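Enquirer: What follows is the residue order along each chain.
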Amino acid sequence: MRKYSVFAVAREAMRAHKGWEAQWTSPEPRSQYDVIIIGGGGHGLGAAYYLAKEHGITNVAVIEKGWLGGGNTGRNTTIIRSNYLYEESMDIYEHSLKLWEGLSQELNYNVMYSPRGVMMLSHNIHDSQVFKRHIHANRLYGIDNEWLTPEQAKDYCPPLDISASARYPINGAALQRRGGTARHDAVAWGYARAASDRGVHVIQNCEVKAIRRGPDGAVTGVETTKGFIGAKKIGVSASGHNSMVLAMADVRLPLQSNPLQALVSEPLKPIFPCVVMSNTVHAYISQSDKGELVIGAGTDQFNSYSQTGGLQIITHTLDAICELFPIFRRVKMMRQWGGITDNTPDRSPIQGVTPVPNLFVNCGWGTGGFKATPGSAHLFAHLIARGEPHRLAAGLTLDRFRTGRLIDEAAAAAVAH
Amino acid sequence: MTGANRIAGAGRLTPAKTARFSFDGRSYTALAGDTVASALLANGVHLMGRSFKYHRPRGVVSAGPEEPNALINVSRDTARSQPNVRATVQEVFDGMKVGSQNRYPSLSFDLGGVNDALSPFFAAGFYYKTFMWPKQAWASIYEPRIREAAGLGVSPTEEDPDHYACRYAHCDVLVIGGGAAGLAAARAAALSGASVILADEQPELGGALHFDTGAEIDGQNGYAWAQKTARELVGMENVTLLSRTTAFGYYAQNFVAMAERVTDHISRPEANAPRERLWQVRAKRVIIATGSIERHMVFADNDRPGILLASAARTYLNHFGVAVGRKVGVYTAHDSAYEAAFDLKRAGVSIVAIIDSRMRPGEGLLEQARSLGIEVFTDHAVIATSGRLRVASMTVVPNGGSAKRKFTIDALITSSGWTPSVHMFSQSRGKVAYDAATGRFLPGHYVQDCVSVGTCNGTDDLQAILEEATAAGVKMAAESGHDGAAAATPAGRNLFAWTGGMAGAAYGAGPDDSVKAFVDFQNDVCAKDIRLAVREGMHSIEHIKRFTTNGMATDQGKLSNLHGLAIAAEALGRGIPEVGLTTFRAPYTPVTFGTLIGHARGDIFDPTRKTPMHAVEEANGAAFEDVGQWKRAWYYPRAGEDMHAAVNRECRTVRTSAGYFNASTLGKIEVVGPDAAAFLNLIYTNSWDTLKPGRCRYGIMLREDGFVYDDGVVGRIAEDRFHVTTTTGGAPRVMHHMEDYLQTEFPHLDVWLTSTTEQWAVIAVQGPKAREIVAPLVEGVDLSNEAFPHMSVAEAKVCGVPARLFRVSFTGELGYEINVPADYGAAVWEAVAKAAEPFGACPYGTETMHVLRAEKGYIIVGQDTDGTLTPDDAGLAWAVGKKKPDFVGIRGLKRPDLIREGRKQLVGLLTKDPNIVLEEGAQIVADPNQPKPMTMLGHVTSAYWSENAGRSIALAVVAGGRAKLGQTLYVPMPDRTIAVEVSDMVFIDKEGGRIHG
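Read top to bottom, the protein sequences are chains A and B. No gaps in the numbering here: position 3 of the first sequence is 3 in the numbering used here, and each next residue is one more. Going from the second sequence to the numbering used here is simple: count from 1 and add 1000.
Just so you know, these hints were derived from the structure itself, not from any lab. Incorrect hints may have been included.
What the hints assert, rightly or not - Okay, derived cross-link-like pairs now, EDC-like style, lysine to aspartate or glutamate, Cα gap no bigger than 16 Å in a straight line:
1. B/K1904 - A/E87
2. A/K232 - A/D216
3. A/K226 - A/E28
4. A/K65 - A/E223
5. A/K290 - B/E1143
6. B/K1932 - A/E87
7. B/K1610 - B/E1758
8. A/K209 - A/D250
9. B/K1904 - B/D1984
10. A/K269 - B/E1143
11. A/K98 - A/D144
12. B/K1904 - A/D408
13. B/K1345 - B/D1379
14. B/K1135 - A/E106
15. B/K1135 - A/E101
16. B/K1053 - A/D289
17. A/K290 - B/E1148
18. A/K65 - B/E1542
19. B/K1904 - B/D1873
20. B/K1053 - B/E1143
21. B/K1932 - A/D144
22. A/K269 - B/E1148
23. B/K1284 - B/D1077
24. A/K3 - A/D197
25. B/K1610 - B/E1625
26. A/K18 - B/D1512
27. B/K1797 - B/D1823
28. B/K1964 - B/D1873
29. B/K1797 - B/E1786
30. A/K226 - A/E207
31. A/K18 - B/D1513
32. B/K1904 - B/D1872
33. B/K1284 - B/D1449
34. B/K1964 - B/E1901
35. B/K1345 - B/E1375
36. B/K1797 - B/E1779
37. B/K1097 - B/D1077
38. B/K1894 - B/E1704
Model, not experiment: these values are computed from the prediction.
Make a model of the complete structure from these sequences and hints.
Expert: See the structure below:
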């Protein structure tokens, strides 16, 4: 793999960039792999990379139905944070955040991790009780998260309206300074390039039609639109479609798939310095490096695999955004889109073994999957390589819905995402 | 004169009607009906913007919504400053201020232009390969610089004073687009008797007839026919004709969203007129007549100001009476540019030459050019242009050759053909199909009840278009139940076909050339960038788009997508249909946030719910807190009291005399029917069979997973009638929860549910003097302990008003809750206040309510529980019917983790220092000196100063808490560690005698 650097770019600039090679190769599938990962998003590509890098397993294929990063990796609003409440959540999201901090260097690919701060607005006493519970838990766990007064919040994010006349006045905020954003496509491409460099096969436009199992019940491979591909182990990480893929192995997952919409404005000169979320009014917003305001909406209530949703979700979201930031009322929406999230009953992910031997699943990331990408991928690789979960992901088992050992961030925090 | 380039006698604007406006501080005159672009062109100004990445000088390219370059800021005043306005769409009004964007210090001299000099370095995706060293520099140095250079316009900095409106509409037939096809279709549908909405984005109807002066319909000029037809439609009762209205989103079940620009073209709008209006239309049938968009030629340096689309030049001439130059070059791969050249030539403009990349232009064009004295070079290419702020020359070679000829020009018009606008069709989830014969994507498989007509459907000949549109209008009307008079098909004739042309790079910008041949003007994406993306392994068109940003600018690829696709296909060695288009997403053109919001702002962003007693409380000086949508009285400060003092006084008063409390926000559901008790048995963990009419019981309900969902007192009014109360926040979701189960799980039960939250005003009177205060107001109930003990309910009259009277307590004191119809709430509240006065009793707010209930260890669901506690965790195991065969959550409750040892349990906490009040949300540990990450045992859920106990009190969830009674634990705070002792949850009147009065 040719190293990316300012010098390499300068050298190529002299010869019209004719010397760049493909970032990843697109080989024909082999007949047999040690590991097949189903789903070429950030989680799947990252898992393949860490399998090769940390576990020495390089006979790996990532199989993607469409194009790399075309699912939720390329459709989310790129928010990164780790200030969750429960230890299971803090473990995995903080692990992920630490990996984010060095990911550009790790992959030699600028993923533009930008720790510009994620601020969650508190509008009432209930909000402040919940946020303080998070802040104290985070502090004792070694994760940064601090309480701001309304004035401090306004200092940090000048467009914020903290007047008492607002419909839901702001009585404070929780700020994680290390939280921020990253460039979503770069994460998929960076992992694909680094994995490909280590011998991983990245196979696009290849849809899995069936999962084959041997007499012992263990997986033997997959039937795809490119024919049968054998595998000793299979890891599934197909975001909104996980329940459909696992159904091919007769595993029923406790998942519901719902559209989640987002939108961007036309590009503007820098006006919005951080990420702001408000659960009470249901909105979150940041500004991309291109200058677009990136705004996330709530989940459409109906189950669907269609990557669109209703206009009323968008309008409700903008109601809230403009209530918090009335200066944006004249700004224009440039593009709206949707992705399909798979949601568990406790809104926390599942990463673990399945009842089928050598079939592993990474799913249920709901609306929070992007921020978890490097951490989830890293731990998923461990799970596949060792056959048992890493300590930091030990609580994310599928079995918890039978035992009742739930990780209910949503119930505990009443905070989505 | 309104500009040197205005051609006398040309165009449709009225020379006498003028308007003044300024552009970057300089004043110009326009004619009424001008767009900013046409007015600036009339004044010889082509330079209107700077590109996004290289900050290259740019002129207007189009005359419509596809404009990528001429983005301007329009303002009436500082608060009404609108960035990123397309100059080609914005109509001029008198006094408007227009500014250019994305340049410093000026449009003609922009320091950002240094990026252009560095452009060899700034190839597509360069930022993924660099800015990684040193590690911290991305966030601190590189990214801030990149952000400053990026962006287009400047955001408004003041709240928008304008307002926006919203309309919902139903119709039989919605027609999107009011060109020849849309008008004919709308007319046919309307004459059939269907209710019709016709929406068009331009101020006047006519679409392409604006420029195509060669078109004739029913023997008259096409544009004149369009105006006549529009007038006819306006006169029909069953037609709503909306101009300046853009259909921008096509959603499920023929739901189409449209934005109407109401006042942006008016100099002094009426004060109460909305700026824009959102139309949300549900149509039985939709006719899509959105026409086509002309593409530019992709060749070296094709982006200089003065280089624009042929159809745009024709629009400026034939509609606005403006010549885009005096010495105009033409570079085309399509016949339509000839019509533009001929029109300009006839208007007295010199046509320097027509350069046609094709061998054979359409029939008769060469002869016509010759007769007009225009030189035509077929099979030639423009391989370079010059001119910094305005194109000055073009260099021409034979295709494949190298013999150069240079022509001096001051404008260059181009066309590579027309792209059918399949945006709305595609948004409807229809599948486009590639028509290899004409090289176009056209509507293929339909998913919704809609039809495409006209050039957006690939129909080229005007007569065929009118026939297709008329037939569609009749058919869609019939399908929506109307088959009245059939309209006669108008007769049409036009001069050129829309088909043909080319997509991709022209000669001189081919695969081996590294010139700047722009595909996407705004985002500075060149043909070579797309090829670079392919070289780097980006083989999906979605990857190419994201890697190069082609089609991601504010025009969303209206000009660039097909070119980009063709160049990618060539580089990949695959066919165009195999590579495929990217997804079309809403909105078709950008939509103002304010328009989408409409009225939902300020007070009506979210309804504010006020209790019937709100005004009285306000008059009494209550401070309020937000609880969901409700405003609740928080505390009642007297003169000189802060919150702390007021709450302490209220707490003392309730326990020594009495207090009264507005509990109206409590959720209330009337559960009625022969199976009402059976239903409640299933919804609640408690048993209701044994509850006699006239008695109440505290109940808890679980979710399916076994965790506490809500609680409240339920009174049995009669055998078949229950008065259920819920938490304030839980009222709507408990109602839904019950209704959901009743309809889906227990449909066999004969029960009706009615939300009565807002029908009852509730006044709680609590304290040792409560009976003495309430008794004189009550008729029909003996309030003695014997006749009406704790947990009783009766229908009675209070203050002469029909009431439901509860003997319940959330304070641990003797207490009553008076429920009266909401309209009487304020009067009864005042009567209670008057009755209370002699006893020194006072009103108390939610804060005192919280303290008093915590003193007794009564929990608040949602504060002390959080959706992760079982009834046993919350100390409520007694409320779970042990013998009940079934209730919601019974299975969840039996799961191993829900019955294991060591679960978190609710307990009391007493700080060792009684003066320290813990912080709600603070975490609890056994060993405060352990290293991070610490093992946390639980957290403080409620903490108050208890004036009655004379110390701080707290409730907390602690792992294995009930087994830790008396143990010392620690609450580590940032500045200190607080030692606490685990206690039971009752801090006052542990025996519970006071409740019985």
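Enquirer: For each hint, tell me whether it holds in the structure or not.
Expert: Hint-by-hint comparison with the structure:
1. This hinted pair checks out: B/K1904 and A/E87 have alpha carbons roughly 14 Å apart, not beyond 16 Å.
2. Proposed proximity of A/K232 and A/D216 is supported: the alpha carbons are some 13 Å apart, at most 16 Å.
3. For the given pair, A/K226 sits about 9 Å from A/E28 by alpha-carbon distance, which is consistent with the 16 Å threshold.
4. Taken as a hint, the A/K65 and A/E223 pair is honoured in the structure, with Cα atoms around 12 Å apart against an allowance of 16 Å.
5. Restraint check for A/K290 and B/E1143: satisfied, since their Cα atoms lie roughly 10 Å apart, inside the 16 Å limit.
6. Taken as a hint, the B/K1932 and A/E87 pair is honoured in the structure, with Cα atoms around 12 Å apart against an allowance of 16 Å.
7. Taking the CA atoms of B/K1610 and B/E1758, the gap is near 10 Å; set against the 16 Å cutoff, the hint holds.
8. For a cut-off of 16 Å, the pair hint linking A/K209 to A/D250 stands: about 13 Å separates their Cα positions.
9. Restraint check: the Cα-Cα separation between B/K1904 and B/D1984 comes to about 14 Å, which is no more than 16 Å; the hinted pair holds.
10. A hinted pair counts as satisfied when its Cα atoms are at most 16 Å apart, and A/K269 with B/E1143 qualifies at roughly 13 Å.
11. A threshold of 16 Å between alpha carbons decides the hint, and for A/K98 with A/D144 the separation of about 12 Å falls inside it, so the pair holds.
12. Pair hint B/K1904 plus A/D408 holds up; C-alpha atoms about 14 Å apart against a cutoff of 16 Å.
13. Taking the CA atoms of B/K1345 and B/D1379, the gap is about 22 Å. The hint is violated against a cut of 16 Å.
14. Only pairs whose Cα atoms come within 16 Å are accepted, and B/K1135 paired with A/E106 is accepted, the gap being roughly 11 Å.
15. Proposed proximity of B/K1135 and A/E101 is supported: the alpha carbons are some 9 Å apart, at most 16 Å.
16. For the hint pairing B/K1053 with A/D289, the CA-to-CA distance comes to about 12 Å; that is within 16 Å, so the pair holds.
17. Proposed proximity of A/K290 and B/E1148 is supported: the alpha carbons are some 9 Å apart, at most 16 Å.
18. The hinted pair formed by A/K65 and B/E1542 meets the criterion: a straight-line CA distance of about 14 Å does not exceed 16 Å.
19. Annotation: proposed proximity of B/K1904 to B/D1873 holds, straight-line Cα distance about 6 Å (limit 16 Å).
20. Taking the CA atoms of B/K1053 and B/E1143, the gap is about 14 Å. The hint holds against a cut of 16 Å.
21. The hinted pair formed by B/K1932 and A/D144 meets the criterion: a straight-line CA distance of about 12 Å does not exceed 16 Å.
22. Restraint check: the Cα-Cα separation between A/K269 and B/E1148 comes to about 6 Å, which is no more than 16 Å; the hinted pair holds.
23. With a CA separation close to 43 Å, the supplied pair B/K1284 and B/D1077 exceeds the 16 Å bound.
24. For a cut-off of 16 Å, the pair hint linking A/K3 to A/D197 stands: about 11 Å separates their Cα positions.
25. The straight-line distance between the Cα atoms of B/K1610 and B/E1625 is roughly 11 Å, inside the 16 Å bound, and the hint therefore holds.
26. Under the criterion of a C-alpha separation no larger than 16 Å, the hint pairing A/K18 with B/D1512 is consistent with the structure, at around 10 Å.
27. Between B/K1797 and B/D1823 the alpha-carbon distance is near 15 Å, which keeps this suggested pair within the 16 Å criterion.
28. In summary, the hint linking B/K1964 to B/D1873 is supported, as the alpha carbons are separated by about 14 Å, within the 16 Å threshold.
29. Between the alpha carbons of B/K1797 and B/E1786 the distance comes to roughly 20 Å, so the proposed pair goes past 16 Å and is violated.
30. Proposed proximity of A/K226 and A/E207 is supported: the alpha carbons are some 8 Å apart, at most 16 Å.
31. A hinted pair counts as satisfied when its Cα atoms are at most 16 Å apart, and A/K18 with B/D1513 qualifies at roughly 11 Å.
32. Straight-line distance between C-alpha atoms of B/K1904 and B/D1872 comes to about 10 Å, which keeps the hinted pair within the 16 Å bound.
33. For the hint linking B/K1284 to B/D1449, the alpha-carbon distance of about 7 Å falls within 16 Å, and the restraint holds.
34. Under the criterion of a C-alpha separation no larger than 16 Å, the hint pairing B/K1964 with B/E1901 is consistent with the structure, at around 13 Å.
35. Among the hinted pairs, B/K1345 with B/E1375 is consistent with the structure: their alpha-carbon atoms are about 12 Å apart, no more than 16 Å.
36. Distance hint between B/K1797 and B/E1779 is fulfilled; the C-alpha atoms sit about 5 Å from each other, no more than 16 Å.
37. Our distance criterion of 16 Å between C-alpha atoms is met by B/K1097 and B/D1077, whose separation comes to about 8 Å.
38. Between the alpha carbons of B/K1894 and B/E1704 the distance comes to roughly 11 Å, so the proposed pair stays at or under 16 Å and holds.
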